[in-house]
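> The hints should help you fit chain B onto chain A, whose structure is shown.
Each chain, letter by letter, is given below.
Number of protein chains: 2
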Amino acid sequence: MASTINRQITLARYPEGSPVEADFELTESNLPVAGPGQVLCRTRFLSLDPYMRSQIAGRHISGTIAPGDLMRGEAVCEVVESNTSAFPVGATVRCMAGWQEYSVHEADQVQKVNPDVQPESYALSLMGMTGLTAWAAMVWQAAVAEGDGVLIPAVTGGVGTAAAQFCLNRGARVIGIAGGDEKCRFAVDELGIEACINRKEEDVAQRLDELFPSGMDVYFDLIGGELLNQASARLALNARVILCGLMADYNSATRSPGPPPGNWIRSRAIVHGLVVYDFESRRDEFIAACLPDLQAGKLKQREDISQGVKSAPEAFCRLMRGENFGKVIVAM
Amino acid sequence: MASTINRQITLARYPEGSPVEADFELTESNLPVAGPGQVLCRTRFLSLDPYMRSQIAGRHISGTIAPGDLMRGEAVCEVVESNTSAFPVGATVRCMAGWQEYSVHEADQVQKVNPDVQPESYALSLMGMTGLTAWAAMVWQAAVAEGDGVLIPAVTGGVGTAAAQFCLNRGARVIGIAGGDEKCRFAVDELGIEACINRKEEDVAQRLDELFPSGMDVYFDLIGGELLNQASARLALNARVILCGLMADYNSATRSPGPPPGNWIRSRAIVHGLVVYDFESRRDEFIAACLPDLQAGKLKQREDISQGVKSAPEAFCRLMRGENFGKVIVAM
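For the protein sequence lines, the chains are A and B, in the order given. According to the working numbering, the stretch in the first sequence is residues 1 to 332, in order. According to the working numbering, the stretch in the second sequence is residues 1001 to 1332, in order.
There's no promise every hint is true.
Which bits of chain A does chain B cover? Going by a derived footprint, with three or more residues having C-beta under 8 angstroms, they are [claimed, not checked]:
1. 99–110
2. 215–228
3. 249–258
4. 264–271
5. 274–281
Computed Cβ-Cβ distance ranges for the label pairs, DEER-style [what the hints assert, rightly or not]:
6. A:Y277 x B:D1284: 42 to 52 angstroms
7. B:A1066 x A:E226: 24 to 34 angstroms
8. A:Q206 x B:L1291: 30 to 40 angstroms
9. A:D293 x B:P1115: 51 to 61 angstroms
To be clear, the hints were calculated from the coordinates, so they are not data collected in a lab. A virtual CB, placed ideally from N, CA and C, is assigned to each residue, including glycine.
In isolation and in its complexed conformation, chain A is listed as follows:
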């Protein structure tokens, strides 16, 4: 056992708007002890995601985080103590470890990680919850098919990158949106999408008019707010809109309204609300469908990895300012 101390990040106070590092606190506690049937896990990779801001605001379906509470999150861990035959010491598992170095779990709260998923951090990104989110949205809900024109915001982020590649591999035409030239270049040159709108410098509505002269077939909404309005006004007939994230609202105390419903009537849109938890039972199906492409090098994930649990607040604040570049992960 390398340590007897467990470093953790708790919420210090409710952020006002975009969170700052002082909204979080680094605390230390003794190493927890695995009880009967439990495992003690050491975190190797922790996933940071925008929905956590919504948990802090008390608006997320997974529950609320209040000052003093441990920040929650999914992680890939190594089992370092085990009182269950299901997960021997040394096993690599996925669990809701939270923002801390060590955590204790009941055996049924821990999942095996498919050893074919490499690098291991991909179990949190491309082949993890963000990948599953993108697959549920683009494949199971929107049924993206060859020739569909798809708009994907935050296209260099965790969910966006996965979605873009899943769509490209199905023969769709993908237009992305990202914050900055470097991200846009990556999206076009590395991911291979057709074009990427730099939302910080370009007129998004005008670019959408140029890039989708006949309207878009699929809009994957990770944002809400004005972009949802702009996309909904530019849908092709029989478009699909997947409502999944609310980045435009996460830092705000108020909630943006949705687009005028007439836009969706005119395009005969089908709009799906997506919560990835509903698809947990199909995770293995998703991984099995993607593994051949992953192993053939046709799927990749840029990761924005910081080191040590103490780096989590800064990494999360960057994420909530849109300054991350790739899926945000904390390595420990």
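Frame of chain A, contents of chain B only:
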């Protein structure tokens, strides 16, 4: 031939807000003449519908009506002159006759009326476009099933009445909304729905909380505006929302925003934009499915029938003020 004069209603000027009779003009012209392959039709029943207000405002997908233009609309007519073997003199047909007594049509712009649909005006209401709208929404899109809790606004109107009965016949629990006690009594006592909210006297949001303590499974949106917000905040898991009408906006120069998308994410809603024209090819299938219930007396339609083409403006203005009671039809 009973007449050599064709009385017509044209748009006199763009209405401001809710239309008034002076926005329309009664004009007279000579009887049109059926050319080769054409039929001359005498209107027996003309359908008046809220979407016409949207045509006047230039916001309807079927096109715009400008001052001086004939008001458009679907009608059941008798063929009084025929130059096509497809429709002999005396045939009862359905066509886009407009607000006038006589109209000329190409043979392929005229449809036979199923003689089993009685009374004949039902070809414009329960077994016509309003019925088809309700069937497409509740049966084909929302797939209403036994036990579903369904909210239907304007429940004594053309589309609402049809939708309520289709849902009841499938074993759903139907809650309606109507403007006034008399309409609400009719909806409960005659249509047989469980409860009807009087939107003019009751607190709609509070009544929805009482009537749908676990949320509604289906909301059939004929209204938009605040009611769409209120319903969307009270959806059960896996709810379906059918966006079909915008009564809240038809008289307005602006368009109401939609509900915050988070409400639809949380409920994993599936939202469909509905334009009834898309289902025209399935009209016979719809009528065949409904005829047994119609002939068994299990489907009925209250109609708000006025007499003569000159009554159309007043009837339409009442409709746009929500003062009609039943499907609005002009008999000639």
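> Are the hints correct? Go through all of them and say.
Tested hints:
1. Given a C-beta distance limit of less than 8 angstroms, the hint that chain B covers the region 99–110 of chain A is violated, as 0 residues qualify and 3 are needed.
2. With 3 residues bearing a CB less than 8 angstroms from a CB of chain B, the region 215–228 of chain A meets the requirement of three and the coverage assertion stands.
3. Counting residues of the region 249–258 of chain A whose CB lies closer than 8 angstroms to any CB of chain B gives 5, so the stated coverage by that chain holds, three being the minimum.
4. Restraint check on the region 264–271 of chain A versus chain B: 8 residues with Cβ-Cβ distances below 8 angstroms, three needed, restraint holds.
5. Coverage of the region 274–281 of chain A by chain B holds [criterion: at least 3 residues with CB-CB distance below 8 angstroms; count 3].
6. Restraint check, A:Y277 to B:D1284: a C-beta distance of roughly 43 angstroms satisfies the suggested window 42 to 52 angstroms.
7. A hinted range of 24 to 34 angstroms holds for the C-beta pair B:A1066 and A:E226, which are about 32 angstroms apart.
8. At about 52 angstroms, the beta-carbon gap between A:Q206 and B:L1291 misses the expected band of 30 to 40 angstroms.
9. The hinted window of 51 to 61 angstroms between A:D293 and B:P1115 holds, with their beta carbons roughly 59 angstroms apart.
In summary, the structure is inconsistent with hints 1 and 8 from the numbered list given earlier, while agreeing with the others.
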